[in-house]
Amino acid sequence: MASSIKIRKIAEVLDAQIVCGDSFIDHEVDYAFASDLMSDVLTLDSEQVVLITGLTNIQTVRTAEMADINCIVFVRGKRVTPEMIEVANENNTVLIECQYSMFKTIGLLHEVGVTPVY
Amino acid sequence: MEFSYEVEGGNFAKAGNAASGVKKVLKQLNVDPKVIKRIVVALYEGEVNVVAHAYKGKVLVDIDTSRIYIRIEDEGPGIPDIDLAMQVGYSTASAMVREMGFGAGMGLPNMKRNADAIEISSKVGEGTVVELTTKLTS
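Chains as they are written, first to last, in the working numbering: chain A, 879 to 996; chain B, -6 to 131.
FYI, nobody ran anything at the bench for these hints, they're computed from the structure.
Certain hints may be false.
Here are the computed lysine-lysine pairs in the DSSO-like style, where the Cα-Cα straight-line distance is at most 27 Å [stated by the list, open to error]:
# : chain 1 : residue 1 : chain 2 : residue 2
1 : A       : K884      : B       : K27
2 : B       : K7        : A       : K956
3 : A       : K884      : B       : K116
4 : A       : K884      : B       : K105
Short derived list, chain A residues pointing at chain B, Cβ under 7 Å [said to hold, decoys possible]:
#  : residue
5  : L920
6  : L922
7  : Q926
8  : L933
9  : I936
10 : Q937
11 : M944
12 : D946
Where is the CB? At the ideal position from N, CA and C, for every residue including glycine.
Bound conformation, chain B alone (with noise of 0.2 Å):
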C-alpha cells in the first residue's frame, strides 16, 4: 500500500495531516495502538520539520504486512552537520516555529526514538531526505 502527501513550508495549518492519514490507515489495519503512536509521532515531528525549515516537501509511505516504510524529503537549506542536528537541545527554528510548540531541538532525536531505523541524508542548499522504518507488529 502507497500513500504519497504534500508539505507546505512554513504552513503549519497543514503540518500533521500525513500523520493523521497515516494514523487512519494503520488504526484500519489493526495496528496495535502503541505501534501506531511510535509511528505517527516520528512522521509528525517529520512534518513539522519540513514546515518550519524547507520550502516544499513530500511524505511517501509504504505499508506492507510486516513493516511501514517513510520518506520525508524536501528543497531545502539542507542539514550542515546532522550529528549536531541529532543532538538533544540543538535548533535552528525560528521564533515563528517555537511560537507553535516547536522548535527546542527535540524533533529528530524524537524521530530516532520512535522509528526502529532512520536514515538522514541531506544537502546543503538543495535539501533533506528522512527515511523512517518500523516494524508493524510489537
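For reference, chain A alone in the conformation it holds in the complex (with noise of 0.2 Å):
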C-alpha cells in the first residue's frame, strides 16, 4: 500500500525550490519514478506519482502532461526553462528544483516513506 506525501513535504525534504504550481503544492503524491528516458515514463500506468529527472527540455513537462504526472523534480542543479514553467502552468504541474544527485534525492525521499512504481 502506498503511502501518501504532500508535493510540499517533498521540496522540504529535498532541501529544494518550487519554480510553478505553488497552488497544488498541497496535493498529494504516492510513487515516485526517476527515468532520464521519457519513453519509459510513458509506459507508467500508476497515478500520483512524482517523477525525478535530470533532463531538462520542453518534452519533459510534455511527457508529464501525457502521463497525468502532476509533480517533476529536476535534480543535479538543473535549471528549468521559461518555456517549460509556460507547459507546466497550462497543466497545473508543479516544477521543483533540486540540487543534489538522483541517487540522494531518491534516498531522501525512500526515507520518508515514498513508494516505487514498481
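These two chains come separately, so use the hints to put the complex back together.
What follows is the structure in C-alpha cells.
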C-alpha cells in the first residue's frame, strides 16, 4: 500500500525550490519514478506519481502532461526554462529544482516513505 | 468531430501539440482519464517519431461517440523493416533525439500497447502512415 506525501513536503525534504505550481503543493503523490528516458515514463500505469529526472527540456513537461504526472523534481541543479514553466502552468504541473544528485534525492524520498512504482 | 495538426520534422519544441489538443477535447467529452492517457501517450509517441525521423507530417483525428481514429502521416525516409522497428530497443534515432529523452526503441511498441488497433504502412524514401483506433469507453 502506497503512503501519500504532500508535494510541499517533498520540496522540504529535498531542500528544493518550487519553481511553479504553488497552488498545487498541498496535493499528494503516492509513488515516485526516476528516469531520464521519457519513453519509460510513458509506460507507467500508476497515478499520483512524482517524476524525478535530470532531463530539462520541454519534452519532460509534455511527457508529464500525457502521463498525468502532476509534479516533476529536476535533480543535479538543472534549471527549468521559461518555456517549460509555460507548459507546466497550462497543465497545473508543479516543477521543483533540486541541487542534490539523483541518488541522494531518491534516497531521501525513500527514507520518508515514498513508494516506488514497481 | 475532425481535427488536424501539422508536425514539423526536427522541431522538438512543438512535439506534443496534437496530443495536448486531443487531450483537452477528450477531457471535455468526459472520457475516462485512463482511456485518455492511453490515447494521448500513443499519439505523443507518434508525434515524436515524426519530429525525430521525418521532414514533415500531419495528424488527422476523427472522434465519434464510440471511438477515436488517429492517422499520423509523414513525408520522410520510411521504415524499411516494420517488424524490426516494432521490436523494443531497436532504434535509428540520432543523438539529438536521445538528448530529448527519446530514441530508445520504445515508440512504436508504446503506441501498439496503448491503442486497440494499429496499422502501419511505409514506403522507403516516401514516408510512413500510422493509424491508431481506440474505443472511448473502457
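Q.
If you test the structure against every hint from before, which numbers come out violated?
A. 3, 4, 6 and 7
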